[in-house]
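Engineer: Here is how the chains run, residue by residue.
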Amino acid sequence: MQPLPETQHIQQINHVFLRGGFGIPLSEMEKTYVLTVPEAVKQLFSQSSDYEPLHLIRFKSGQQRKGKKMDREERKEFRQDQREQLQQLNVQWLRQLSQSKMQLREKITLFWHGHFACRVDNPAAAQHLNNVVRQYGMGSFENLLLEVSKSPAMLIFLNNRQNRKAHPNENFARELLELFTLGRGNYSENDVKEAARAFTGWNFDEEGQFELRERQHDHGNKTFLGKSGDLGGEDIIKIVLEKKQCARFLAGKLYAFFVSPQADAEKIGQIATWLYDSGYKIGETVSRVFNSEWFYRPEIMGAKIKSPIELLAGTFRLLDLDTELDCKPLLRIQRGLGQVLFQPPNVAGWPGDHAWIDSSTLLIRLKLAGILMGLEFPEMRMKGEPEDDFDRWQKNLADKLDLKYNWARALKPLPASLEAQWQWLAPRVLQQGSQQSRFVLDFLGQVTGEEQQKRLIWRLLSLPEWQVC
Amino acid sequence: MNNKTRRQFLKTSAVAAAGTFLIPSFLKAFSGQEMLQEGEKILVVLQLSGGNDGLNTCIPFGDDAYYRLRPNLGLRASEILKADHYLGFHPSMDGIHKLFKDGEATVIQNVGYPNPDRSHFRSMDIWHAGSSASDYWQTGWLGRYLDASCADNGSASRAIELGGGLSLALKGNECKGLAMDDPKRLYQAVQEPFNRALVDHHSDHPQVSYLYKTLAETTASAEYIFEKAGIVNTRTEFPGNPLSQSFGKVAAMIRAGLPTRVYYLELPGFDTHVNQKGQQQRLLGMFSEAMGAFAAEMKSQGRWKDVTVMAFSEFGRRVGENASGGTDHGTANVLFLFGGALKKPGFHGNHPNLTDLDEGDLKYQTDFREIYADLLTHWLGVDHEPILGQKFKCPGWV
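Heads up: the protein sequence lines correspond to chains E and C, in order.
Note that our numbering has the first sequence beginning at 168, numbered continuously upward.
Note that our numbering has the second sequence beginning at 16, numbered continuously upward.
Treat the hints as calculated values from the structure; they're not laboratory data.
Treat the hints with care, since some could be wrong.
Claimed, not checked - Under the rule of at most 30 Å between Cα atoms (straight-line distance), these lysine-lysine pairs were calculated in the DSSO-like manner:
no., chain 1, residue 1, chain 2, residue 2
1, E, Lys332, E, Lys360
2, C, Lys228, E, Lys621
3, E, Lys473, C, Lys292
4, E, Lys360, C, Lys292
5, E, Lys243, E, Lys550
6, E, Lys332, C, Lys378
7, C, Lys292, E, Lys243
Claimed, not checked - Coverage of chain E stretches by chain C, computed from C-beta distances (three or more under 8 Å per stretch; other residues unrestricted):
no., region
8, 464–474
9, 601–610
Ideal Cβ placement from N, Cα and C applies to all residues, glycine included.
Okay, chain E solo, but in the shape it has when bound:
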């Protein structure tokens, strides 16, 4: 095979790590570009064979019971505590997204975080579900779905704890079919009712362990998608997965997340077949996508608008973030950009693509690198920010953020002259339009040396081209 022209090769290797992770740190670029594309894909997968859970919070025994006995002050404190733990969980994961060696696993975890979108106040439950999708997210979808369905977070969020034989609650059964597996129009209202009966009594105990409460479970005959019997929740999941529509539905979502927001029926059909024929092996299916020739077509590379989390984690990763993260300012930024980890807008997850962009989020996005590098302030109030004094607010956010990077590592590969630095950086940092970015050299101000290099990076990351991957 003819060696590829260098910039095209760089773009393809970037593509592997941008879609399968959060990009390549500046400090690791040279050794990564030595790889061929198949080698890069192989490395991406082999580095994610293991998994590293978030382990901030422990399920406290007796917490539920205690909650009912608390007085007003205690309850207030308890809620405050929970909120803070969720914030810590948020930034701990954000840090892991940007720094973990297991990039693909974290990326797939983020995919499932949006697919099984769940919003609960209980930090232990939120962490548990996150670890479940991390652990099972690259294996068989059947195991994943079963574990998710049994997780306290999902049981709480979709009211399955209230799903009892005498009064079935259909919330979980409906979303299972509509949003997690088949999509609308592929089941009847009666299927929802029957599935709900099958999940009656699914609950968890005080330790957060799943339990089937026999007395609340409906053991009667049910008919679901044409199959009858004393069906339980596990049976419903099995029957759903037998439908090829389930594979098609998942393939559509995988395509939008890993390949392109522009649906391509033929490719999605191909992915559905891989998924179905493999017995719903997720990692294996994603691997076939990454090894496909069409995954590297020019119209696919750069076709995605980065999600706010991809932007944040990608910036931290690029620059070798080297600091503890303070929760509050980072949560405010996530809110301003329209994506807060553990707080999806609803059970359908984040819509993505153009929905990330409006006049206000775009202006914040273009300033984001400067804000994260401590070189700029946000110029407009962000969504959900209190209406206090603007100048104070602006300064307060920047002060609290106070991020540090390992500049010695990040800047080390840069060549000597400014022109050469731009030529080196632009194609490595920007997946699109790097040649047109030369004008940023006029916006570096009167600085030299390391300061100049930082500003060059800042300006490149302030271009709309940095917003896509």
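Given the structure of chain E, go ahead and fit chain C onto it with the hints provided.
Structural biologist: For chain C alone, kept in the frame of chain E given last:
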């Protein structure tokens, strides 16, 4: 805008800088013919976030059950601003009481939707999307109005949200409203030299080009709005609280003749689980004061007949008070329309039935989407069916 100022505007603005690919929509949106003329209708939506306690806003003092269920939070009949022998307004709602007496307020009771959700996020999501409780739509009702009415026509300035970001309500598939805190601040942000340099660039790549185009549109809109209405220029003095100030900015933009049909504002803080009394009094006072000032200004501009304000909250609160001097999340609620051309001012809907409850909450009587349908059809002049996904009966309030 006369021809000369328009030419000047185009020469100096981002529209010119961004190159020809943008000009058709902007020429149209910003040309003299597209300025809103007297008689063209404007909708202002005010979101009372957190779940306003409707029963202590529009109070059924004639119902003994109210005092029985609200032994501490119940407001004495003597302090209530009475509307009739049975209902009255919270004592802090002087301005709104006056609008009501003048036939410039429609108060609709028991507004809600089937299978109500008591989560702030989800219920607000439903109100923004204009969907049923079982649907998850990723666009908002006013965003889809923009899609339907001005797809190729500089949508951003057609709907403006005053606040820190753009709400789902104003996001359509193709078109989105413009969010800003303040016209001047937005203007300063887009005038920053690096941003100006970006506006001179564009890209052949579809996604990147979309970003450049959005940036150029934002920049052009920001310049235009600031030029026309950057300094609040109203005849009425607006009170100093943030909500009134925002209404003052809206009034200035209306006066400047911006082509904006929809304004969106928010007053947060209504989640009164604890010590509701003082908090709600303060917020309703702001709401009422702002409405009074805005109505007065619109009258002096001669535009009150062209404006409808809709004030809503994602849900009402539980009928019975809790043990912390507050109320918990409930369901059906009172919704307000204000304006100088309301067809049926006064109260609508039955008095809330405080004894026939659904798990401690009021049962809804009017689906909020009927009000949306009414506003879309009879006020904004578009077919509501494609926007709301089904046909609703229009009560004919506007």
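Engineer: Taking the hints in turn, state whether each one holds.
Structural biologist: Hints versus structure:
no., hint, result
1, E/Lys332 x E/Lys360, "holds (12 Å)"
2, C/Lys228 x E/Lys621, "holds (28 Å)"
3, E/Lys473 x C/Lys292, "violated (45 Å)"
4, E/Lys360 x C/Lys292, "violated (43 Å)"
5, E/Lys243 x E/Lys550, "holds (25 Å)"
6, E/Lys332 x C/Lys378, "holds (26 Å)"
7, C/Lys292 x E/Lys243, "holds (19 Å)"
8, 464–474, "holds (count 4)"
9, 601–610, "holds (count 4)"
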